[in-house]
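*Asks:* Listed here are the chains, written in short residue letters.
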Amino acid sequence: MGALSIRDVRRSYGGIEILKGIDVEVEAGEFLILVGPSGCGKSTLLNIIAGLDAPTTGTVHIAGRDVTRALPKDRDIAMVFQSYALYPNMNVAGNISFGLEMRNVPRDQREAAVQRVAKMLQIEHLLDRKPGQLSGGQRQRVAMGRALARDPVLFLFDEPLSNLDAKLRVEMRAEIKQLHRAAQVTTVYVTHDQVEAMTLGDRIAVMKGGLIEQLGTPDDIYDRPATRFVAEFIGSPAMNMIVAERSPAGLAAQGFDLVLDDGQRRALSAGAPGPVLYGLRPESLSFGDAGLPGTVTMLEPTGPETYALVDTAVGKLTARVPGRLHQAIGAPVALRWSAADVHLFDTRTEQRLA
Amino acid sequence: MAQIRDGNLLSLPTAPTLAAWGAAWSSACTGVDCGGLKPFFLNSVLMVIPAVLVSTVLGAVNGYIFSKWRFRGSETMFAMMLFGVFMPMQVVLLPMSQILGWLGIANSIWGLVLVHVIAGLPSTTLFFRNYYVGLPDELVKAAMLDGAGFWRIFWRIVLPLSTPITVVTLIWQFTNIWNDFLYGIVFSGAASKPVTVGLNNLANTSSVVKEYNVDMAAAMIAALPTLIVYIVAGKYFVRGLTAGAVKG
Amino acid sequence: MTAGAGTAVARSAEPFGARLARWVPKLVLAPSFVLAFLFIYGLMAWNGYLSLSASRLLPNYEFVGIEQYQRLFESERWWVALTNLGIFGGLFIGCGMTIGLLLAILLDQKIRVEGVLRTIYLYPMALSFIVTGTAWKWILNPGLGLEKLAHEWGFAGFSFDWLINPDRAIYTIVIAGVWQSAGFVMALFLAGLRGIDDSILKAAQIDGASLPRIYWRIIIPCLRPVFFSTLMVLSHLAIKSFDLVMALTAGGPGFATDVPATFMYTMAFSRGQIGLGAASATIMLATVAAIVVPYLYSELRGRR
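Chains as they are written, first to last, in the numbering used here: chain X, 5 to 358; chain D, 50 to 297; chain H, 0 to 303.
Here chain X stands alone, though its shape is the one from the complex:
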């Protein structure tokens, strides 16, 4: 039994089912990401783990103990909130030690814990300030300090970086990763940002509509997305999807034959007949002399690479190519890709075929 196990958790509010049966096992020390669009139920699930909400049915075990209906304080967990939720009336030291005080930890131990955490997060000089006097990044650190001071068995993060500006977000992301590596505390981290999900997680649970669409390592999720939703949600720019018809040679769209390898052909013939979604990540596309003809309609240079929107017979495709592009808008180009980079999905079930 793992550090956290969630079994068939369902939650409905007034007849509307927000969570439709969630099963997750998290190993000790693991960093699990819950990612998905807003309304997918990820925050509800986190609240259920924290004990701020209770499942309608199903159970939650933390470190082997059934805590489904236990109070948050009896779960030995700590949580970092999106808004940080620092107590405005207490100074930083007070914020960090409040949880220990509530657990009747003696004063000298509380002070030692505050010092230890402050040192770890480099906020020693802020201990006497009130949260109102801190910058966004400092508040974020204090919020993490408050969680760390308690030395819990489980860390919960609820979109902790979404109130920070872009540069600070990248810094704090790295810092969270380092802290986790150092402390090795089991962590559940909710985000809607797929970059955070990919960079931080040992495993990622992609959620949609109250269900987990796919649970796997970042590589699994990116290289073998289980559903069309996962394929389009993870990765930026999003995966190109071409609606393809069966043809004698395999698959074709608008009369253009689409390349496939043997494994994909086998999967296709094993699957149900009918149209198929033919997915290509933008970085799988490259410009060549021969291939799918099209015209460039827009260029978005980002510096190290360029996104090119190409109008082709099978639809508009985005290509992500390194460096700068010298084609002009309206220039004719040809797109190439290899069959190994293709993702196939059933149009009806939206499940992965190959």
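If you're looking for bench data, these hints aren't it; they were derived computationally from the structure. The hints are all genuine.
Simulated pairs of lysine-lysine, DSBU-like, Cα-Cα distance not exceeding 30 Å:
1) K239(H) with K284(D)
2) K284(D) with K134(X)
3) K109(H) with K201(H)
4) K212(X) with K320(X)
5) K171(X) with K134(X)
6) K181(X) with K212(X)
7) K171(X) with K212(X)
8) K171(X) with K123(X)
9) K123(X) with K181(X)
10) K87(D) with K239(H)
11) K109(H) with K284(D)
Here the structure of chain X is known, so what remains is to put chains D and H in place on it, guided by the hints.
*Replies:* Then chains D and H, alone, in the frame of chain X:
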């Protein structure tokens, strides 16, 4: 008093004197009683202090529950209480006077205190609830995770953040209860009349010569406590009240 | 899990501490809620029952149906009270809002003493209606106040006897009421004005609108919710108004300035007509409820 009768509305008194104030305080006649406004004023003080404190404390706790500890039906309960803010109090006068009689506190200051506390509860609850709705729920959640319970969250987190709304509620309740006339005239007895009733009786007592200067001095005395509160704390009151009132 | 296989998902037992924690808020709320509930709805029902009884000097629970209401609406005095409420309410709300809005717009012109004025305008709110009434009674007194002032200034023909003129006395109540509430209305409108997004005004200026036009076409329409809540506050103040009338005219001359609130008080507590008083209170309640309940309903709906 001659100044007022001789002079006009705008002319300054020719020889300012505090005689009228003294008369209004301790010797002006209301009906057959000639003890001035003093006993009524003291009644008001004795009534207003417990009534304001109790209704404010209960309102704070109720508002805390209605905003941060919602449960099934709590919104309906709040809406039901809200109607009490607008209800014309004439509806409760007749039954309430009978209840106070049964409780044995009719015509006493304690009867007035009880009525003011209950009648003020909807407003104080509304004030605190609307203010607490603006406090992030995450604060309470974080405190729950930190191991604090219902009372400790209230005491250590919520109450220290409540100063603005507490000032508004205290001033609001103080003004309302001090200035109340309806309950005062209906529920008080000869020895428990509040200052508004005293002032009204004084001003409406017909004597041979109407002493308007004494009436005015009495009106000033009756108005003084609330005016002082407004002058001292009016700024905070305006800020808090208008913010809340516009939000709804 | 293998143990639970085949059975429905077992509901985990709730620990005692958690169950207790769930009940604490309800237990704490219960006493004051019950008290308030009984006070509001219990007494409302009781009053309703009294209004259907034959009570006169003492409560008497002999059921007489709507007889008291029939008497009420046959009473000339009640109709005077209702008419007065109409006149008073209409003018009080209309003048109060107009003056309050104008004051707010004036103060909104970023004048230097705004902070001071804003607070001073509110001072009347600190006063009891009894104090206001007593003061205005003196100012409006024909022998002492405005009239005497005008005479001394040489306007011998000036006569201002509204206070003792049965056809005019109700307007003196309007004057005093507006004086007292205008500052409060101003504060509400001023807060509303301050809540308007500055960029809207800048956009209008760039579009070339003049200041009066900006107020008329953009700002005042934006204040609609404030108008609405002010209307609510003022109309329920008007219906409940009792103290001001008692202090200024005590319903007189005769019963020329009676309003429902003073009518109710007179019937219930000095004329020994408890049933009739209860009936008039019920009518007042129904009037307020007709205004306030839809408002509360929409407010609570909208907030969710």
